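Protein chains: 2
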Amino acid sequence: MTDRIIEFLRNRREDGPCLVLDLEVVRDNYMAFAKALPDTRVFYAVKANPDPQVLDLLARLGSSFDTASVVEIEQALAAGATPDRISFGNTIKKERDIARAYALGVRLFAVDCEAEVEKIARAAPGSKVFCRILCAGDGAEWPLSRKFGCVPEMAARVLEHAHRLGLVAYGLSFHVGSQQRNPKSWDAALKASAAIFRDLAERGINLQMVNLGGGFPTKYLRDVPAVKAYGQAIFRALRKHFGNRIPETIIEPGRGMVGNAGVIEAEVVLISKKSDEDKMRWVYLDIGKFNGLAETMDEMIRYPIRTAYDDDAMEPCVIAGPSCDSVDVLYEKEPYPLPLSLEIGAKVLIEGTGAYTTTYSAVGFNGFPPLKSYVI
Amino acid sequence: MTDRIIEFLRNRREDGPCLVLDLEVVRDNYMAFAKALPDTRVFYAVKANPDPQVLDLLARLGSSFDTASVVEIEQALAAGATPDRISFGNTIKKERDIARAYALGVRLFAVDCEAEVEKIARAAPGSKVFCRILCAGDGAEWPLSRKFGCVPEMAARVLEHAHRLGLVAYGLSFHVGSQQRNPKSWDAALKASAAIFRDLAERGINLQMVNLGGGFPTKYLRDVPAVKAYGQAIFRALRKHFGNRIPETIIEPGRGMVGNAGVIEAEVVLISKKSDEDKMRWVYLDIGKFNGLAETMDEMIRYPIRTAYDDDAMEPCVIAGPSCDSVDVLYEKEPYPLPLSLEIGAKVLIEGTGAYTTTYSAVGFNGFPPLKSYVI
Chain S
454 MTDRIIEFLR NRREDGPCLV LDLEVVRDNY MAFAKALPDT RVFYAVKANP
504 DPQVLDLLAR LGSSFDTASV VEIEQALAAG ATPDRISFGN TIKKERDIAR
554 AYALGVRLFA VDCEAEVEKI ARAAPGSKVF CRILCAGDGA EWPLSRKFGC
604 VPEMAARVLE HAHRLGLVAY GLSFHVGSQQ RNPKSWDAAL KASAAIFRDL
654 AERGINLQMV NLGGGFPTKY LRDVPAVKAY GQAIFRALRK HFGNRIPETI
704 IEPGRGMVGN AGVIEAEVVL ISKKSDEDKM RWVYLDIGKF NGLAETMDEM
754 IRYPIRTAYD DDAMEPCVIA GPSCDSVDVL YEKEPYPLPL SLEIGAKVLI
804 EGTGAYTTTY SAVGFNGFPP LKSYVI
Chain W
454 MTDRIIEFLR NRREDGPCLV LDLEVVRDNY MAFAKALPDT RVFYAVKANP
504 DPQVLDLLAR LGSSFDTASV VEIEQALAAG ATPDRISFGN TIKKERDIAR
554 AYALGVRLFA VDCEAEVEKI ARAAPGSKVF CRILCAGDGA EWPLSRKFGC
604 VPEMAARVLE HAHRLGLVAY GLSFHVGSQQ RNPKSWDAAL KASAAIFRDL
654 AERGINLQMV NLGGGFPTKY LRDVPAVKAY GQAIFRALRK HFGNRIPETI
704 IEPGRGMVGN AGVIEAEVVL ISKKSDEDKM RWVYLDIGKF NGLAETMDEM
754 IRYPIRTAYD DDAMEPCVIA GPSCDSVDVL YEKEPYPLPL SLEIGAKVLI
804 EGTGAYTTTY SAVGFNGFPP LKSYVI
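If you read the sequences in order, they're chains S and W. Each residue of the first sequence is one higher than the one before, counting from 454 in this note's numbering. Each residue of the second sequence is one higher than the one before, counting from 454 in this note's numbering.
There may be inaccurate statements among the hints.
DSSO-like, lysine-lysine: derived pairs with alpha carbons at most 27 Å apart [said to hold, decoys possible]:
| id | chain 1 | residue 1 | chain 2 | residue 2 |
| --- | --- | --- | --- | --- |
| 1 | S | K726 | W | K672 |
| 2 | W | K581 | S | K726 |
| 3 | S | K825 | W | K825 |
| 4 | W | K726 | S | K644 |
| 5 | S | K786 | W | K786 |
| 6 | S | K681 | S | K726 |
Stretch by stretch, here's where chain S covers chain W in the computed footprint (C-beta under 8 Å, at least three residues) [unchecked claim]:
| id | region |
| --- | --- |
| 7 | 539-546 |
| 8 | 723-736 |
Since the hints were made in silico from the structure, they are not lab data. All of these numbers come straight from a predicted model, not from anything done at the bench. We treat Cβ as the ideally placed atom computed from N, Cα and C, and that holds for glycine.
Just chain S, with the same shape it has in the complex:
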C-alpha cells in the first residue's frame, strides 16, 4: 500500500472492484532484482500482469520478457522490447505459433520433449532452445506439478536432438515453485543442471545458459526474505556446482516484480449468518474467484485484507465472492479474521494483488465485468 494508491482511491468515484498498481513499486522491484543478481538477465514473466504501462516501464529499465504466447510476444514488442530480449517460454506451443514468433524475430524457445524440438527445428530453424527439467538434484520430482519439464536424463537427450537438428542447444530451465520462501531451493536444481552441462560437454555440446525461473515471492501475510538473500543463495549455489565456469543466467520474476505493487479495492455486499446459533459470519465481497481472485483456489494465496475498522475486535469469518456459483468462496477452510464492526457497503483493501489477478478475470461470468485496472 503506497500513498499514491491511497490518494488515487480517495478520488475514485466509479462503482465496482478495481486494481490499482503503483509503477514506482515495480521500478523498485526491478532495481532490487538487478542489484541482487547483477550478472543475471531479468526476463519479466508477462503473464503476471501484461498491462502496457508495466511493460513500457520494464522495457525502458532494460528488462527482457518471458512470454507464453504470440499475443504476449506482440505486447512485449509493442512496449519497445527488441526480439533478442524476448523468450518464448511456454513449453506447449503450436507449430504455427512458433513460426509466427520466428517471423517476429524471436530466437529463444523453451522445450521439454523431442516433439517440441522438432516443431522448432521446422518452424524456427537455427534458434536457441533451453530444456526445462522436472526434478531436483537428488532425483526427486517437484511436488508442485509435473506439467512442465522432463527428468534430467531425458533433458540431455532432448538437447542432443536439438543440436542434431541444427538448433543451438542453449541451456536449461527449471522452476522451484511459485511464491518460494526458501532462497536455498535453487541449490538442488543447479546441481542437477551442472551434471547435465558436464554430460553434454562430454558429447561435444556446450550449454551456455541456466534459466533460474521465477518463484520469487511477494509479501502476503507472512514476511518473505528480501531479494538480496535470494541473490546471495543463488550465487553461492552457482559457484558450488559450476566452479569458475558459471554459465549465463536469467530469471523470470512475475509475482516478485508486480505482486506487491497492486492493491484491489472491493466492497462488502452482504454480511449474514446461516442460522441463529451459527457464530460464523459470512462476508460477501463484490470480487471473487471469477473476477480477479482466482489464486484463492484451494485457499492457496491468503491476501492481506485491510479495512477502516481494523483497530476494533476481530472475529474469523468466511469470505465469499458475489457470484451465484457455490465454489466462489475465498476463505472457508481457514476462516479469515475481520472486524466485528465491519458493515455492508464498507470498502476493503486486498493487498499484494498486482500479479495474476486482472488477466485471470472471467469475461463476464454471472454478468459481472472483468476486474478494472488502473496503473499509476
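Given chain S, put chain W in place with the hints provided.
Showing chain W alone in chain S's frame:
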C-alpha cells in the same frame, strides 16, 4: 453432437478452440421441461450461457429468466422478456443494483437473510421475495456448499421480516445440487418447504411459490435420467407434502437447458512423456481451465472427448491446458483414455460444453483469447 454442428465444424477455417451450440437442441430441451412439468414456470438460468441468440429463442418459446446481476437482467430484457418474467435470483446484491433492477421493472428477488430483506424493502418497495433454504427436510445441510441459503427456522423469520417491511413474502427456494442425478432429491427440501408454509400460515402469512431451483443434469459420460422422471418425482413429492394445496412452482434449469447443446472443438498442441520409463502420456490441448473448461476444477465435470481415432487402442493419459500455469491440468487424478494413435495437430471434440464454458473464460490469461462461440 448433432449433424448441424458437424457440418459447421467441417467448414470452419479459423484457428483456436471454439464452442458450437445448436439452438435446435436448446428448443428440444425447453419443450421437454415444459412437458415434464406442465404447471411449472421455467426460469432459464442466464449465467449458464447468456448468448443473445439463446436468450432470444427462449424468450420466444415463453421462458422466464433467472438472473444473477443487473447486466443479466438487461440481457434478458434485450431478448424480449418482460420484467414480470425476470427473477433477480442472486441472494448477494448491492442495494444500488436492487434499485436498478426495480427501475427496470423487476419485482421478484431472492433473499437468505434479514439484511438483504431490508435492502429490498428500501430499494424495491412492495416487491415479492423468496427465501432460499439451506437444509434438507431432516435438518441436514446440503453437503455441497453453505454459500447460499439459511436454515429453515431462520427462513420463516426472514420472510416474516419481509412481510413486516411491506414486501410480499412470496415463497421459498432451494437447490438440490448441480448435475443432480437422483430425481428423488427434491423430496426432503419440499418437506421442509411445506413445514415453513404451514408455520407462516399460522402467523397469517400465506406463501405462494416454491422455486425448485436447478440441478437438472446434462449427459456427460454417464447416462442421466430423462427430464420426465424428474417431473414425475417432483410432482409426487409436491402432492405428498402439500396435499391438494400445491403451490405455484418454478424451476431454474441452466446446465439442463444448454449443456448438451454445445460442443467444443479443440486441438492437440503437444503429446509428451516426462521420462523414458513413464508410461503416461501428457496430452496438451489448446483449451484449458482458463479459456473455457473451468468446470474441470477438482476434475468435477468429466466431459466426453471424441477424436477421429476412437476405434484404435486407448490408453489413459493426463490432459492439460495450454497455459504456463501448473494448475491448468484437466484430468490427472483420474487419467483419461485417449487413442494411442492420437497425434499433435489432431482435433478433439469436447461434448456437453454448452453451459458454464464461454463466460468462465479469462479475458486474456497468458495472452490466450476468450473462448469463441458460434450459435447455429
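To see whether the hints hold, each was checked on the structure:
1. S/K726 <-> W/K672: Outside the cut-off at roughly 36 Å; violated.
2. W/K581 <-> S/K726: holds, 22 Å
3. S/K825 <-> W/K825: holds, 22 Å
4. W/K726 <-> S/K644: holds, 23 Å
5. S/K786 <-> W/K786: Given pair S/K786, W/K786 holds - Cα atoms ~22 Å apart, limit 27 Å.
6. S/K681 <-> S/K726: violated, 46 Å
7. 539-546: holds (count 5)
8. 723-736: Since 8 is at least three, the answer is holds.
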